[in-house]
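Undergrad: These are the residues of each chain, in order.
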Amino acid sequence: MTRFSRSRVAIAAAAALPLVLVAACSGSDGGTGGDGGGDGDVTELHVLDYYNNDPNKTVWQGVLDACATEVGVELNRESVPGGDLIAKVLQMSSSRTLPDVLMLDNPDVQQIAESGALAPLSQFGLDPGGIAEGVLSASTYEDELYALQPVTNTIALFYNTQTLAAAGIEPPTTWEELETAAAALTEGDQYGLALSAINTYEGTWQFLPFMWSNGGDEADIATPEVAGALQLWKDLLDAGSMSQSVVTWSQADVADQFSSGNAAMMVNGPWNFGTLAENAELEYGIVPIPAPAAGDTVVSPFGGEAWAVPQTGDDARMAVAAEFVQCLVGEDAVVEAAVGTNTVPTDPSLSDTVVEQVPNLASFAEQVPDLRARTGELGPEWPTQATAIYEAVQNALVGGMSPEDALAQAQNG
Amino acid sequence: MTSTEIRPGSGGLAPPAPARPARHRSVGRSRLVQIAFLIPATAYLVLFFGYPVVKNITMGFQEYTTRTFYTGEAPWVGFANYVTAVTDPVFDRALLNTGLFTVGSIVGQFTIGLLIALFFHRRFHLSGVLRSLLLLPWLVPMIAASAVWRWILDTDHGVLNRTLDLLPFLDGRPAWLTSTTLALVAVIIVNIWLGIPFNATILYGGLQEIPEELYEAGSLDGATGARAFWHITWPLLRPVVTVVLVLGVVYTLKVLDVILGLTNGGPANATQTISTFSYHMSFREFDFGVGAALGNILVLISLVFAVVYLRLNRRSIDE
Numbered sequence: 001m002t003r004f005s006r007s008r009v010a011i012a013a014a015a016a017l018p019l020v021l022v023a024a025c026s027g028s029d030g031g032t033g034g035d036g037g038g039d040g041d042v043t044e045l046h047v048l049d050y051y052n053n054d055p056n057k058t059v060w061q062g063v064l065d066a067c068a069t070e071v072g073v074e075l076n077r078e079s080v081p082g083g084d085l086i087a088k089v090l091q092m093s094s095s096r097t098l099p100d101v102l103m104l105d106n107p108d109v110q111q112i113a114e115s116g117a118l119a120p121l122s123q124f125g126l127d128p129g130g131i132a133e134g135v136l137s138a139s140t141y142e143d144e145l146y147a148l149q150p151v152t153n154t155i156a157l158f159y160n161t162q163t164l165a166a167a168g169i170e171p172p173t174t175w176e177e178l179e180t181a182a183a184a185l186t187e188g189d190q191y192g193l194a195l196s197a198i199n200t201y202e203g204t205w206q207f208l209p210f211m212w213s214n215g216g217d218e219a220d221i222a223t224p225e226v227a228g229a230l231q232l233w234k235d236l237l238d239a240g241s242m243s244q245s246v247v248t249w250s251q252a253d254v255a256d257q258f259s260s261g262n263a264a265m266m267v268n269g270p271w272n273f274g275t276l277a278e279n280a281e282l283e284y285g286i287v288p289i290p291a292p293a294a295g296d297t298v299v300s301p302f303g304g305e306a307w308a309v310p311q312t313g314d315d316a317r318m319a320v321a322a323e324f325v326q327c328l329v330g331e332d333a334v335v336e337a338a339v340g341t342n343t344v345p346t347d348p349s350l351s352d353t354v355v356e357q358v359p360n361l362a363s364f365a366e367q368v369p370d371l372r373a374r375t376g377e378l379g380p381e382w383p384t385q386a387t388a389i390y391e392a393v394q395n396a397l398v399g400g401m402s403p404e405d406a407l408a409q410a411q412n413g
Numbered sequence: 001m002t003s004t005e006i007r008p009g010s011g012g013l014a015p016p017a018p019a020r021p022a023r024h025r026s027v028g029r030s031r032l033v034q035i036a037f038l039i040p041a042t043a044y045l046v047l048f049f050g051y052p053v054v055k056n057i058t059m060g061f062q063e064y065t066t067r068t069f070y071t072g073e074a075p076w077v078g079f080a081n082y083v084t085a086v087t088d089p090v091f092d093r094a095l096l097n098t099g100l101f102t103v104g105s106i107v108g109q110f111t112i113g114l115l116i117a118l119f120f121h122r123r124f125h126l127s128g129v130l131r132s133l134l135l136l137p138w139l140v141p142m143i144a145a146s147a148v149w150r151w152i153l154d155t156d157h158g159v160l161n162r163t164l165d166l167l168p169f170l171d172g173r174p175a176w177l178t179s180t181t182l183a184l185v186a187v188i189i190v191n192i193w194l195g196i197p198f199n200a201t202i203l204y205g206g207l208q209e210i211p212e213e214l215y216e217a218g219s220l221d222g223a224t225g226a227r228a229f230w231h232i233t234w235p236l237l238r239p240v241v242t243v244v245l246v247l248g249v250v251y252t253l254k255v256l257d258v259i260l261g262l263t264n265g266g267p268a269n270a271t272q273t274i275s276t277f278s279y280h281m282s283f284r285e286f287d288f289g290v291g292a293a294l295g296n297i298l299v300l301i302s303l304v305f306a307v308v309y310l311r312l313n314r315r316s317i318d319e
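Read top to bottom, the protein sequences are chains S and B.
When you number the first sequence by our numbering, it's gap-free, plus one each residue, and the end is 413.
When you number the second sequence by our numbering, it's gap-free, plus one each residue, and the end is 319.
Some hints could be false.
As the list claims (entries may be wrong) - Straight-line C-alpha distance at most 30 Å; calculated DSBU-like pairs for lysine-lysine: (1) Lys55/B - Lys88/S; (2) Lys55/B - Lys254/B; (3) Lys88/S - Lys57/S; (4) Lys254/B - Lys88/S.
Calculated from the structure, these hints are not laboratory results.
Computed from a predicted structure; not experimentally measured.
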């Protein structure tokens, strides 16, 4: 009888196991606030970002540590891969385990703010200081500021100094010069220009400076201005000045093509300095992206990440987190981050200090006052229109459609 | 967002339970024991198969966005997500591509897989080693494999086109991944490469089951070579062929990683399928409702084939 009852116990235990597991899973809803706990006595902040590769990882660790010391807390930092951040944030918001300080890619800020997961910074009395207007508009949702962005980056035209010098060509400043130069620099296995027209948001990001500088607007892309910009890309492709592979190249692929000498010029950003430095023989210069005509202003989108304070429900921790975010846009933090990660300050008054240390950043720094936010006009609706833009670009480049038809279809479809 | 998949071996019918001897000491107690044994498996199925499927179906009828995760509010919208999905200009293209991709992949995988299985059916030196090498595509992580394939298929610098350059009668370089007509072909070729081990392994197993005596008897009656194949091998292999084809279709319909890795559905949506489109709506545009609706459409299509499989399977057991 004893043996028998023991086996019954075992069976009952086996049957109950899944229930215990379920209970254990649902028990983790406790929230991050568990340890630091009580009011007024905040000793630790949970920080979430996607700087999981060097140099970003290490440089930001230094910046974050300095601010933690200043605010007087310990850091519990978590870095996830870039592609996983939003999924992680969504998961955290549904289980109420949001971190105290959250880093977001700037075009995502409004979408997360719309969900209600972020605290408006005005309630902590944060001061955006001299951050450029365009940059602030990406972090603003329904007239409330939700995040502060210390540094930014954008794209410009990189050119191979030796190749251009050998061909006797000056770096182009207008679209016409760009076409002529790209055609002249195309020979053998070398294309004149490389850029990314891939079917992801990267492709859209690369197209924006051409579209915006020509007077185009993302709210309605079925306009002659946007078509003109797309026609330029199509002409470059049809003339053979750039490879048809541009429709599959990410920006990292573009940098590889440029570095290995397959392209004399490329549209890309300063985050590639590291990759390009690996090729010791490569000498390159950087100029702003060519304007439609001489004297036109070039309007580029900006990249980079902003720091927000999620609604964790613990007022004391949120107040300390806000203090921490304020420190991240302070001069020391901004300069250290900009120099270390090859980015430029969002506050133009700090640019000179940074460019002095990293001269290659000059072309990027001078664009800061004119930079335009991708989400400035459409806010959380931006992803839909960003998809429409890269689809139109691809349809025109390799899908056999005219730029006008491709854009009209993307806008109305 | 499709979470249902049917694995070889676990899919389809469970073997019929052996009849129990009717020598229970207490019917009630043994009933209890039976239930206790059932609970873990049932709980597992409900948790990991039932819940995701039900969640996906309900999500298809809800406005489920990033906001939902924080507020928990997901208003019911009826069939609005399905209307959005089906009327999207990309949908028709994706549906057609899904069909072409599936048919192309299956025909290629099955034909080559069968030829390889037949080849290895005759024993020769090192056949065992070679047969195990054949499984390699299965062992390589798909993300790594697709990176290598992208490199092979690159228009300007890819190994394939550089090799084709050497052919005197071929002019120009095919734009494998960047032309809207060739990209689907390229993706199908890679998927065939990936599917050959599965087809060859299962078909090889089926061939081993055919008794050798039949061939001996057949050869006495003059059935050798192709005649032996059509009159002995093919009829006896048919049950295995059915399994391979139906499972192959269900696998291929939901293929995501191959396409994402190679073309991400491009260029100009030339390789967009229902599954990549669903992925895009859910995880790029964060419109989880529409993504789930697309996933459900895909599940429905798979279900048709799964039912076909179950019916055919039942018939072969009856026989």
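Undergrad: Evaluate each hint against the coordinates.
TA: Against the structure, the hints:
no.: 1; hint: Lys55/B - Lys88/S; result: 19 Å, holds
no.: 2; hint: Lys55/B - Lys254/B; result: 18 Å, holds
no.: 3; hint: Lys88/S - Lys57/S; result: 18 Å, holds
no.: 4; hint: Lys254/B - Lys88/S; result: 24 Å, holds
Every hint from the earlier list agrees with this structure, and none is contradicted.
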